[in-house]
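Q: Each chain, written out:
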Amino acid sequence: MTAIAGRRRPLTSAATRRGPWVTHLLLLLGGIAWLYPFAWTLGSSLKSTDEFFGRGLNPLPGSPLWSNYAEAWQGASFGAYFLNTVFITVATVVITLLVTATAGYVLARTHFPGKALVLVVVAATVFLPHGYTIIPIFDIMRGLGLLNSLWSIIIVQASGGVVFGTFLFMGYFRAIDRSLEDAARVDGANFHQIFWRIMLPLSGPMLATVGLFTAISAWNSFFIPLVFTLARPELRTLGVGMYAFIGENSTDWTLLCAGSVITLAPIIAIFLVLQRFFINGLAGAVKQ
Amino acid sequence: MSPIQLNRRQLLRAAATAGGAALLAGCSTPGDKTTGGATTAATLAYWDWYVSQAPWVQNEIKLFQKAHSGIAIKKTTQVTDKYPDLMALAVRSGTAPDVFLLPKAPKLEDQVSQGWLTPLDKWATPAWQARFPEGSFVEGVNVFDGKIYSAPFSALAPSLQLYIHHGVFKEAGLVNPDGTVFVPKTWDDITRAAEAIATKSGGKVFGLGFGNAQKGALPWLIELFCRGAGSPGGTQSVDYRTGKWTYGTDRNYADFLTLLLDWKKRNFIYPSSMSISDEQARAYFAKGRFGMIVGGVWNQPAWEEGGFTDYSLVTLPSPTGTPQAFFYGFPGGYLGAISAKAKHPDDAWAWLDWFYSKEAGKRWVEGGYGLSIYPDNNDPAAVTSPTFKQYVAMAGTAINGPVPAIRNPDIAKVEVAPAQPDIPDVAAGIYTGQLKDVPKALKELEDRLNDALSTAVAKAKGQGLKVSMADYAFADWDPAKPYTTKRG
Amino acid sequence: MADTELVLLGSRRARQGRRSPLRRRIAGARWSYVYVLPMLVLLAAFVVYPIIASLGYTFYRWDGIGDPTEFVGLDNFLKVMKDFIFWKALRNTFLYVVIVVPLQLVIALALALVLNNPRLRLRNLYRTLFFLPVVTSAAVIAVVVQLLFSNFGDVVNDVLMSLGITNTYIDWLGDPTFAMIIIMGVGVWHTLGYNLVYFLAGLQTIPGELYEAAKLDGAGAIASFRYITVPMLRSVGVVILLLSIIGSFQIFDLVQVLTNGGPYFATEVVNTYIYHLAFGGASSTAVQPDVGLASAASFFYGLLLIVFAVVQAVFLRTLVSRRGGRA
Numbered sequence: 001m002t003a004i005a006g007r008r009r010p011l012t013s014a015a016t017r018r019g020p021w022v023t024h025l026l027l028l029l030g031g032i033a034w035l036y037p038f039a040w041t042l043g044s045s046l047k048s049t050d051e052f053f054g055r056g057l058n059p060l061p062g063s064p065l066w067s068n069y070a071e072a073w074q075g076a077s078f079g080a081y082f083l084n085t086v087f088i089t090v091a092t093v094v095i096t097l098l099v100t101a102t103a104g105y106v107l108a109r110t111h112f113p114g115k116a117l118v119l120v121v122v123a124a125t126v127f128l129p130h131g132y133t134i135i136p137i138f139d140i141m142r143g144l145g146l147l148n149s150l151w152s153i154i155i156v157q158a159s160g161g162v163v164f165g166t167f168l169f170m171g172y173f174r175a176i177d178r179s180l181e182d183a184a185r186v187d188g189a190n191f192h193q194i195f196w197r198i199m200l201p202l203s204g205p206m207l208a209t210v211g212l213f214t215a216i217s218a219w220n221s222f223f224i225p226l227v228f229t230l231a232r233p234e235l236r237t238l239g240v241g242m243y244a245f246i247g248e249n250s251t252d253w254t255l256l257c258a259g260s261v262i263t264l265a266p267i268i269a270i271f272l273v274l275q276r277f278f279i280n281g282l283a284g285a286v287k288q
Numbered sequence: 001m002s003p004i005q006l007n008r009r010q011l012l013r014a015a016a017t018a019g020g021a022a023l024l025a026g027c028s029t030p031g032d033k034t035t036g037g038a039t040t041a042a043t044l045a046y047w048d049w050y051v052s053q054a055p056w057v058q059n060e061i062k063l064f065q066k067a068h069s070g071i072a073i074k075k076t077t078q079v080t081d082k083y084p085d086l087m088a089l090a091v092r093s094g095t096a097p098d099v100f101l102l103p104k105a106p107k108l109e110d111q112v113s114q115g116w117l118t119p120l121d122k123w124a125t126p127a128w129q130a131r132f133p134e135g136s137f138v139e140g141v142n143v144f145d146g147k148i149y150s151a152p153f154s155a156l157a158p159s160l161q162l163y164i165h166h167g168v169f170k171e172a173g174l175v176n177p178d179g180t181v182f183v184p185k186t187w188d189d190i191t192r193a194a195e196a197i198a199t200k201s202g203g204k205v206f207g208l209g210f211g212n213a214q215k216g217a218l219p220w221l222i223e224l225f226c227r228g229a230g231s232p233g234g235t236q237s238v239d240y241r242t243g244k245w246t247y248g249t250d251r252n253y254a255d256f257l258t259l260l261l262d263w264k265k266r267n268f269i270y271p272s273s274m275s276i277s278d279e280q281a282r283a284y285f286a287k288g289r290f291g292m293i294v295g296g297v298w299n300q301p302a303w304e305e306g307g308f309t310d311y312s313l314v315t316l317p318s319p320t321g322t323p324q325a326f327f328y329g330f331p332g333g334y335l336g337a338i339s340a341k342a343k344h345p346d347d348a349w350a351w352l353d354w355f356y357s358k359e360a361g362k363r364w365v366e367g368g369y370g371l372s373i374y375p376d377n378n379d380p381a382a383v384t385s386p387t388f389k390q391y392v393a394m395a396g397t398a399i400n401g402p403v404p405a406i407r408n409p410d411i412a413k414v415e416v417a418p419a420q421p422d423i424p425d426v427a428a429g430i431y432t433g434q435l436k437d438v439p440k441a442l443k444e445l446e447d448r449l450n451d452a453l454s455t456a457v458a459k460a461k462g463q464g465l466k467v468s469m470a471d472y473a474f475a476d477w478d479p480a481k482p483y484t485t486k487r488g
Numbered sequence: 001m002a003d004t005e006l007v008l009l010g011s012r013r014a015r016q017g018r019r020s021p022l023r024r025r026i027a028g029a030r031w032s033y034v035y036v037l038p039m040l041v042l043l044a045a046f047v048v049y050p051i052i053a054s055l056g057y058t059f060y061r062w063d064g065i066g067d068p069t070e071f072v073g074l075d076n077f078l079k080v081m082k083d084f085i086f087w088k089a090l091r092n093t094f095l096y097v098v099i100v101v102p103l104q105l106v107i108a109l110a111l112a113l114v115l116n117n118p119r120l121r122l123r124n125l126y127r128t129l130f131f132l133p134v135v136t137s138a139a140v141i142a143v144v145v146q147l148l149f150s151n152f153g154d155v156v157n158d159v160l161m162s163l164g165i166t167n168t169y170i171d172w173l174g175d176p177t178f179a180m181i182i183i184m185g186v187g188v189w190h191t192l193g194y195n196l197v198y199f200l201a202g203l204q205t206i207p208g209e210l211y212e213a214a215k216l217d218g219a220g221a222i223a224s225f226r227y228i229t230v231p232m233l234r235s236v237g238v239v240i241l242l243l244s245i246i247g248s249f250q251i252f253d254l255v256q257v258l259t260n261g262g263p264y265f266a267t268e269v270v271n272t273y274i275y276h277l278a279f280g281g282a283s284s285t286a287v288q289p290d291v292g293l294a295s296a297a298s299f300f301y302g303l304l305l306i307v308f309a310v311v312q313a314v315f316l317r318t319l320v321s322r323r324g325g326r327a
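Residue numbers (the UniProt record's numbering), protein chains in the order written: chain A, 1 to 288; chain B, 1 to 488; chain C, 1 to 327.
Hints were generated in silico from the structure; no laboratory data involved.
One thing to keep in mind: the hints can contain errors.
[As the list claims (entries may be wrong)] Example chain A residues on the side facing chain C (calculated, C-beta under 8 Å, incomplete):
#: 1; residue: T23
#: 2; residue: F38
#: 3; residue: V99
#: 4; residue: V106
#: 5; residue: P136
#: 6; residue: F222
#: 7; residue: L256
#: 8; residue: T263
#: 9; residue: L264
#: 10; residue: Q275
#: 11; residue: L282
[To be verified] Quick look at which bits of chain A chain B covers, simulated, 3 or more residues with Cβ under 8 Å:
#: 12; stretch: 142-154
#: 13; stretch: 230-239
The beta carbon of each residue, even a glycine, is placed where N, CA and C say it ideally should be.
Whole structure, please, built from the sequences with the hints as guidance.
A: Okay, here's the thing in C-alpha cells:
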C-alpha cells in the first residue's frame, strides 16, 4: 500500500504543478468573459459620448469622465431613492429571516397536528400561478391603511420570499445534530431558549444565504415599489428610479451605464461581504 | 436560567429599538420636498407622461407658481407604459392626482361614468369656452350628459412625417440642380434616394431606418405611406367610406409591404431597425447612419437640443407624388382633467386653466412641441426653427373626418375585443419573413378585425343598443375634403 | 417508531378519557403554531388569497379596472386553448427549458467540481466572479445587452462578413432565430451562479475521506467522479434540477425587457403572453387589457405545469431508485 502511494506521489505532484496553471488560465479567461458586460458597463460609464462610440467594445475609457455619475445621481433622484431602498431592503431581510427561520425551525424539529397540511399548501404555491393582477394585494394593503408607505412594499416583498426561505431553513435545521437540542432540554432550557440561544446562532450561514437572496430581490424590485407608492413618488426605490431614468435618457448611453453602476454597486458589496457564509449555509441545507 | 432570560429580554428590547429606529427612518426619509413655505395653502398633485415635453411643463409650473403664490404643484411623470394601470389603482385607493393627463384606457366615457372626474362647467363658462375654436366641445367626445370634462389642447396636425438627413443626401449626391437637397415625394423617389445612399457609401450608410423595439415604428411607416397612396383608414380605423377594415382588399397595404421587403433585401434599411428603440433610431439618424426616418414632430426638440438641425421633412409620400388621403381628426378632443376627489378644486382649476391658456399654448408652439388649439398661436411667422416652420406649414394635411359616435352616440358603447395578432405583429411577421405570404396574412388580419367588429356590434344590439354595421359607413365622405359629421 | 407512538397515543387516550388527545397535542404544540403563524399569515394573505381571487377572475371578461361584472363562464379557457399564440409561446418556453437547463447545469457542475478543490488558490475569487451576474436586475441587463448589440452588433457583423461566414447584416435582437439564442445565452449567464453554489454546497456534503480512500485504492479523477461524486450528489442534483426547471418555466423579465416577445412572437414565452393579455400589448396600440383572460391563461399554464411536474417526479423517482439500487 505505502509502496504504491510512494510511487504515485511524484506523478500526482507533477500533474498538480502543471494542472493549476491550465486551470487558472481557463478560469481566468472564463471569468473575464463572464464579467465582460460588467467591465464594459463600468468603463462606458466613464466615457464621453464620442468615446463611447469611438472605443466601441473596448471597456477602457480614454480619460475618465466622472461627471456622468454626478449627472446620473441627480437626474434619477438616486440620492432620494437610495435611503428608501436601503431601508426597504434591510427591513425586508429582517422580516423574512424572522418569519422563515421560526417557521423553518418548527417545521423541521417539532411535530404538531396540521403540519402535513401546512407543508402541502406551501409546496403547492410553488407550482400554482401567482395572480396576474396586483388588485387583491392592493386591496388588502388599502384595508390595512398601509398604502403609500414603505411598509406596504416591505410586507409584500417579504411575503414573496417566505416559501423559498422556509424550505431552506427547514433543510438546514433538519441537518443539525439532535443531541444539542436534547442536551439543552435536559439542562432545563425551554422552547424559546432552544431556538433563540442554540438553534438560531447555529444557523448563521443560512441566515446569510436567505438574507442575501432576499436582499437581491428587494434591492432590484420595480413593480411593487411603483404600485405601492403611487401617491408619494418620493418613496420610490432605486429600481423604479432606474426604470424612469432609462425611459427619460434612453439615448444617453453613458449616463445609463453610470446609473446601472450606481444601482449595482451596493448589492455587489453586500454580496462580497456575505458570500463566504452562504455556500456553507446552502451546504447545511442540502445535507440530509 | 436567569441569564438566559435576561438575554432574551435584552434581545427583545434591542429588536424593539431597532424596529423603532427603522420606523423613524421610514417616516423621516420621505421628507417634504414641497418647500412652499408656511403660506402654502395647497399642494396640487399633477401627473403626466410628458418626457420630451418636460421642459415646457416645468417652465409652465414655474410661471404658474410665481403667479399663484399660494399653490404648489407636485409633478409626477410616469414614464411607463402602465400609465392607465397606475391611474386606475390611484383612483381605486382614493389617491388620484388632483390634475392629470387622461389615460388612454378606460375610455373617457367610462372614466366619467365611474366617477373619476370633476365636471368643469362651474368654471368652464360659455365665455371660457368661447376662446376655443368653434366645435371644440362635443357631446360624446369631451362632453357627457351635457357636462364638460376636458378640452382639446392641440390643433389638428399631421401625426407623422418622413425626415430627410441633408448631410447623408448631399454625400450621396442627392442634390437638385440649384444646389438644394433633393426631397423625395413619391415611393419611387425614396427607392432611388435609398439606392443612391447605399451605392455611394459602399453600403456603410443606409437609406432608411426605424426603431421597432416598441413595435410602433413599422405601423407608422405603413400609416404614412398608405395614407399617401389613398387608404384613408391608415392603421387607425376602418375605411369610413365602407365601414370595413381593408388591410387585405385595399392593395396599397400589400404593395407597400412588398416594396419595404424589397428595400430590406437590397440592404437599403438599417439592419438593426427591428431591435432598436425609436429613441435610438432618432439618435442614429442624427448621427447620419441612415438618410430617412419616419416620426412625429416630437423628434424635433431633442434633435435641436443635440445640435442637429440640418434636415427637412415631407409628409404623406405617395406613388404619384400627390397624397390621395390625409390624416383625419375629429372635432373636440381632450387631454387634461380634474379628479373627482381633488381637495382644492378651485386651485386645480387654476392650474388646468393655466395649462390650457393661450400664452402657454404659444410657448408650446415656440418650443416646437406641436400645434396649439388656438389658431393665432400657429403662425409660421412666429416660429424661429425652419424645420418646425415646415411642420406648421403642413397643417393642411390633417382634416376633420367622419366620427360614427357623433352620428350615433350608442356606437361609443360598443366594446370591440382586441384582435390578436394585430397590425404591429403582422407587420413584424412579414418584415422578418415569418409570414411569407403577404396578401394572405393581410387578408387574415382584415377578416379578424372585421369579425371582431361585427361580433361586438351584434353583442351591443343584443344588449338593446341601437347600432348596426352601417353606423361605420359614410357613403357621402370624400377623403380629400374636411367632413362634418351630422348628428343622427 | 410510528408503532410506539400509536401505542402511546392509545394508552394516553385510555387514561385521558373525555379530553381529546388532539386538543392536548394542539395545546402542547402551541408554540409551534405561534412560530409558524407569521409565515402562514403572509402566505395566506399575499400568495394564496391572490391565487384564489385570480381563479374567480377567470370566469369574467374584465379590463382590471373597476370590478369584474361581465360573466363569460369558461369562454376564457376556450379562447386560450384556441389561441395559436399561446401554443407558440408554450413551444418557445419548452425550447428554452430544454436547452437552457441542461446547458446551465453541465457548466455549473463542471465549474463546481473545479472550484470545490480546497487546494485551488483564489477559488473564492472565482466563485464570486461566476456568481456576480445573479445580483443584476433584469432592467440593467436589458440596458447593457441592448446597448452592446445595437451599438456594436455591427462590429461583429463586419467580422463575420469579412470572414465570409455571412453575406448580410444580422439584426441580432430583431431576428427571430438569433433573438431566441441571445435570450437563452443571457439566461444561462444570469442564473448560472445559483446552480454553481447549489452544486458547491452539495459537493461540500461529500466527506473528503471518501476521495482519499478512493485515491489510495488507485482510482483516478474520472473514476472517483463516476463512483463517488455522482452517487453522492444524486439526491441534491435532483433538487437542483427541479429548481432549475421550475425557474426556467417561469422565464419572464429577460424576454420582456430584451425583445418584448417579438419579432412576431418568435421569442414570446407563456409568461410574457399572459402579461400582454393582462396589461395590453405594445404601448403603441391601445389593446384593451383583459385580466380575466390572463388569469385563465395562467391557470391553464399552471395546470399544464403541475401535470408535467407529476410526470417528471414519477420519472425521476424511478430513475433515482433504480440507479440508487444499483450503486
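Q: Using the nearest Cβ pair, does A:L264 come within less than 8 Å of chain C?
A: holds, 6 Å
Q: Going by Cβ atoms only, is A:P136 closer than 8 Å to chain C?
A: Since chain C brings a Cβ to about 4 Å from A:P136, closer than 8 Å, the hint holds.
Q: Closer than 8 Å between Cβ atoms is the bar; does A:F38 clear it against chain C? Give me holds or violated.
A: holds, 7 Å
Q: May I ask you to test the interface hint for A:V106 with respect to chain C, counting a Cβ-Cβ separation under 8 Å as satisfied?
A: Constraint on A:V106 satisfied, holds at 4 Å.
Q: Report holds or violated for chain B covering the stretch 142-154 of chain A, Cβ cut-off 8 Å, minimum 3 residues.
A: With 6 residues closer than 8 Å to chain B, the stretch 142-154 of chain A meets the three-residue bar; holds.
Q: Close enough to count: is the Cβ of A:T23 nearer than 8 Å to one in chain C?
A: Since chain C brings a Cβ to about 6 Å from A:T23, closer than 8 Å, the hint holds.
Q: Once the shortest beta carbon distance from A:L282 to chain C is found, is it less than 8 Å?
A: It holds, given that the least Cβ distance between A:L282 and chain C is near 3 Å, below 8 Å.
Q: Hey, does the A:T263 contact hint survive, CB to chain C under 8 Å?
A: holds, 6 Å
Q: Can we keep the A:V99 interface hint, with Cβ of chain C closer than 8 Å?
A: holds, 5 Å
Q: Taking the closest Cβ pair, is A:L256 under 8 Å from chain C?
A: A:L256 check passes; min Cβ-Cβ to chain C is 5 Å, inside 8 Å.
Q: Counting residues of the stretch 230-239 of chain A that have a beta-carbon nearer than 8 Å to any beta-carbon of chain B, does the count reach 3?
A: holds (count 6)
Q: Classify the hint on A:Q275 as holds or violated, based on whether any CB of chain C lies nearer than 8 Å to its CB.
A: holds, 6 Å
The structure fails none of the hints (numbered hints given earlier).
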